[in-house]
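Engineer: Here is what each chain is made of, one letter per residue.
Number of protein chains: 4
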Amino acid sequence: MSDEYLVKEGSKVLIYIDGRRKRVINVRKDGKFESDKGVLLYKDIIEKPYGSKVTLSTGYRAYLLDPLITDYLMHGYKRATQVIYPKDLGFIALLSGISSGSIVVEGGTGTGFLTSVLAHYVRPNGKVFTYEVREEFLEIAKKNLRMSGLDKFVVYKNKDIRKGIDEKEVDAVFLDIPDPWNALDAVYKALKPSKPFIAFLPTVNQIEKLYMALRNHGGFIDFHAYELMLRELQVEPGKVRPQTLMIAHTGYVVFTRKVIKE
Amino acid sequence: MSDEYLVKEGSKVLIYIDGRRKRVINVRKDGKFESDKGVLLYKDIIEKPYGSKVTLSTGYRAYLLDPLITDYLMHGYKRATQVIYPKDLGFIALLSGISSGSIVVEGGTGTGFLTSVLAHYVRPNGKVFTYEVREEFLEIAKKNLRMSGLDKFVVYKNKDIRKGIDEKEVDAVFLDIPDPWNALDAVYKALKPSKPFIAFLPTVNQIEKLYMALRNHGGFIDFHAYELMLRELQVEPGKVRPQTLMIAHTGYVVFTRKVIKE
Amino acid sequence: MSDEYLVKEGSKVLIYIDGRRKRVINVRKDGKFESDKGVLLYKDIIEKPYGSKVTLSTGYRAYLLDPLITDYLMHGYKRATQVIYPKDLGFIALLSGISSGSIVVEGGTGTGFLTSVLAHYVRPNGKVFTYEVREEFLEIAKKNLRMSGLDKFVVYKNKDIRKGIDEKEVDAVFLDIPDPWNALDAVYKALKPSKPFIAFLPTVNQIEKLYMALRNHGGFIDFHAYELMLRELQVEPGKVRPQTLMIAHTGYVVFTRKVIKE
Amino acid sequence: MSDEYLVKEGSKVLIYIDGRRKRVINVRKDGKFESDKGVLLYKDIIEKPYGSKVTLSTGYRAYLLDPLITDYLMHGYKRATQVIYPKDLGFIALLSGISSGSIVVEGGTGTGFLTSVLAHYVRPNGKVFTYEVREEFLEIAKKNLRMSGLDKFVVYKNKDIRKGIDEKEVDAVFLDIPDPWNALDAVYKALKPSKPFIAFLPTVNQIEKLYMALRNHGGFIDFHAYELMLRELQVEPGKVRPQTLMIAHTGYVVFTRKVIKE
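Residue numbers (this note's numbering), protein chains in the order written: chain B, 1 to 262; chain F, 1 to 262; chain H, 1 to 262; chain E, 1 to 262.
What the hints contain is simulated information worked out from the structure, not anything from laboratory work. Where is the CB? At the ideal position from N, CA and C, for every residue including glycine. Honestly, I wouldn't trust all of these hints.
Stated by the list, open to error - In silico BS3-like links for lysine-lysine, alpha-carbon gap of 25 Å or less:
#, chain 1, residue 1, chain 2, residue 2
1, B, K261, F, K37
2, F, K43, B, K261
3, E, K189, H, K48
4, E, K53, H, K261
5, E, K53, E, K43
6, H, K261, E, K189
7, E, K189, H, K189
8, H, K48, E, K152
9, H, K8, E, K8
10, E, K37, H, K189
11, B, K152, F, K43
12, H, K12, E, K168
13, H, K8, H, K142
14, F, K53, B, K168
15, B, K8, F, K261
16, B, K48, B, K37
17, B, K127, F, K127
18, H, K261, E, K168
19, H, K48, E, K261
20, B, K168, F, K8
21, H, K43, E, K261
22, E, K152, E, K8
23, E, K48, H, K239
24, B, K43, B, K53
25, E, K143, E, K12
Stated by the list, open to error - Over 12 Å on every C-beta distance to chain B, these chain E residues come out as not near it, computed from the model:
#, residue
26, K8
27, K22
28, D30
29, K43
30, V54
31, T55
32, R162
33, L184
34, N205
35, K209
36, F223
37, E227
Claimed, not checked - What follows is a list of derived Cβ distance ranges for each label pair:
#, chain 1, residue 1, chain 2, residue 2, range
38, B, E47, F, R28, 58 to 68 Å
39, E, G218, H, G38, 20 to 30 Å
40, H, K37, E, M74, 40 to 50 Å
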């Protein structure tokens with residue numbers, strides 16, 4: 001195993017105890033991880049390989065994992081706002097068609113979940129330009145993206161995206177704001193022809209309003225409004241069943257794309 | 001608009017007529033597109049910009065779009081097998097944590113849907129090693145990936161992944177084969193510690209069997225079995241409702257990750 | 001087995017061949033049942049007990065079953081309109097609290113599915129008063145309910161329920177019409193205090209409009225809007241999985257109940 | 001309004017404060033209802049009509065409602081076991097085809113939810129024979145059914161239904177026990193030919209095992225395994241959306257029916 005796959009000072013590590021106890025930590029020589037299952041001193045994990053089993057102060061076992069993007073989101077980031085969950089993030093990213101090198105614009109940075117996923121996929125040569133009117137959210141998002149190392153692929157703008165998008169010929173625009181219909185001129189001007197505009201919206205009324213505005217505006221085709229429901233199965237041998245509770249609704253994903261207006 | 005955003009001979013174009021009539025074509029000077037709504041000669045679209053409106057022989061309108069990855073999958077690829085749909089593909093890709101530069105292994109190339117999404121995300125410096133025992137599927141997958149331009153990021157192997165994985169220290173392993181439990185040794189050896197193994201399985205019994213094999217094998221933690229249901233809304237102003245029919249089941253996504261066995 | 005459990009001339013029988021081939025027939029001495037699996041002469045089934053296996057002209061087997069209420073609906077009734085399916089019918093009936101002896105009012109007879117379920121539950125001493133403006137639907141519904149023997153518990157009214165309900169102190173009102181908000185005065189006057197009013201509506205906009213009208217009208221509390229999704233499992237030993245396709249949406253069930261206005 | 005629609009001593013009343021505060025009470029002259037929104041003395045509601053608005057000690061308003069069957073279940077009954085919810089109860093009842101006068105058998109009384117719904121629909125001349133091995137559950141169920149007034153339509157048996165069903169020629173058998181496959185002989189003997197047997201089961205493995213046992217046993221056809229998912233909409237004008245959390249799984253409904261074995 002190569003050197004760089006050892007935990008070092010400054011490494012990020014997902015401490016995995018069990019399904020409910022996972023946390024992404026930033027390894028500092030003098031820090032420690034505390035949980036109801038025991039304590040772990042960071043100095044004791046430095047130089048251990050990722051994937052190792054370690055023992056908490058109580059004798060309880062834990063694992064040191066190299067965090068995945070979803071670990072950062074779900075077990076590392078501080079939340080400032082409602083977030084978009086992985087089920088929707090993966091779908092949004094795939095529908096948008098973006099990949100390494102893409103130039104994308106996001107309105108409504110919020111906690112930075114979608115920002116992170118976009119940055120994760122467009123790196124190292126692409127860029128995410130993210131607009132957020134509330135500076136306090138932008139600060140939290142920045143801190144979150146610094147943790148996951150995605151910060152350097154993002155340009156943060158403390159601006160109202162409805163008033164205009166500075167970038168041109170972008171590969172996709174994403175809006176997670178309450179009134180995306182007020183940003184359609186900006187969106188249209190920023191997008192390359194044939195490229196997608198995707199909005200995330202919690203209510204049916206917003207979808208309806210957005211559709212009407214899109215049709216009114218012209219220059220958009222291929223409308224879709226999707227909802228994803230995620231169920232997790234409980235798999236105990238001989239007792240397989242869907243989990244009792246599920247998040248039944250977070251929001252709808254609206255997809256459309258730009259064509260040249262005549 | 002820059003030059004390269006014009007349709008050229010050899011370009012791929014999504015001809016978009018309406019929600020039910022979309023097809024990705026490969027532009028050849030002497031070719032033509034035929035549909036129940038009319039005919040389009042390819043020579044008439046060369047040098048037109050992407051995003052343009054064109055007129056079919058019948059007077060019906062269509063649009064020339066730069067295909068997104070999902071357009072290639074859904075409206076371009078020839079299908080040889082059951083496929084994994086975008087709702088699951090986006091989720092699988094995100095859960096796996098892969099991005100540009102990742103080295104990944106796939107077992108069960110099939111039609112090449114997942115292969116394409118993996119290649120799309122790991123390019124330009126990453127690589128997908130895909131194993132398929134049936135040569136005829138591999139040929140179809142290759143042809144599909146050549147269409148989408150993703151072919152160069154893939155190494156095709158006409159081999160049984162259950163008998164071994166040649167690659168080492170890979171960032172993720174994906175299996176879409178009926179008996180993934182028979183490939184666990186190979187999977188374990190190939191993966192970097194802390195990295196994910198993801199399987200796609202249509203039946204509950206396969207999930208149960210895989211879980212039991214994973215627990216027996218040891219060296220895997222953080223088990224999840226997910227199911228995604230996708231509903232599309234019909235959005236006519238004043239008449240918003242979910243679509244009547246939906247694909248209620250394709251398969252389950254099983255996620256786990258490797259830890260170091262003692 | 002007692003005499004009356006034999007098939008007689010005039011009996012209704014569910015001919016059950018397999019999951020896709022079921023039909024409720026009315027036994028006439030000289031009639032016959034025809035299917036792609038063979039023919040069955042009714043004279044050959046008279047005096048056979050319900051539950052018997054019989055042989056079609058082709059040698060294929062079938063069963064003679066005493067039809068359940070859902071068999072009449074799904075495999076006997078002629079459809080004139082969109083119908084409410086059993087998943088919603090059972091829920092609507094239970095929520096309404098009706099049982100033997102209840103006096104209920106329905107607006108929008110349509111094909112008579114809900115009418116039948118209501119009659120089925122209120123018999124023998126209760127009564128269903130059903131309003132339908134389109135006489136041709138009423139004729140089809142009557143014919144359907146005569147088949148299932150539920151006809152005698154129903155009073156058919158070729159009237160517009162929005163203009164008034166003749167009955168007073170009823171135990172529940174059910175509306176399956178496009179604009180239930182236009183019938184609220186009639187509904188309110190007909191209902192016993194504390195009894196439910198239930199509407200079945202396909203679109204979200206109708207729900208919203210009905211809620212606003214109910215709140216405006218006053219005298220209604222305990223609002224609920226439900227959606228039921230039904231999935232069927234395919235159960236082959238060792239291969240259990242949800243069915244691929246499902247009816248994802250038929251309509252929403254809106255529930256409320258009357259209180260005394262001051 | 002007729003006399004008997006007034007609240008009397010001994011009446012059951014649903015005190016409705018709001019969506020989260022509902023309780024079915026038994027009116028005793030000297031009793032009182034206590035909630036976090038205030039107190040209501042029962043003596044103050046005697047002789048008030050059902051549907052009235054009353055005022056709690058705090059000035060907060062509440063309504064006096066005549067309880068529906070689902071109010072008794074959800075806001076009146078004491079729970080001793082996992083219960084079957086209204087979404088499944090309505091569907092099970094409708095599928096079974098039972099109505100006033102039916103003679104039905106239930107195995108696994110538990111808290112008495114299904115017992116109550118069956119009694120509710122078969123009354124006044126039908127009967128529910130319910131088997132339960134645990135006497136303490138039977139006591140709770142009896143107390144529950146006395147509250148809803150359904151007690152007199154039920155015969156309680158502190159017996160193991162797997163060892164035999166005393167009744168013959170019954171219209172339907174319902175099992176909510178962990179191992180229904182061990183009761184198939186008893187079920188088969190008790191049922192009228194062509195009548196349904198319905199089981200409620202939480203896990204996929206139980207469904208599979210039951211199907212195999214049914215096929216092995218013979219004499220059953222028309223197999224179905226259903227799952228119902230209930231979503232409630234939040235309907236605030238201009239902000240309609242599905243509720244965030246939902247009960248994603250309670251159990252599966254297995255349906256089959258008896259034919260004559262040769």
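Engineer: Going back to the hint list, which numbers does this structure go against?
Structural biologist: 6, 7, 8, 9, 10, 11, 18, 23, 34, 35 and 37
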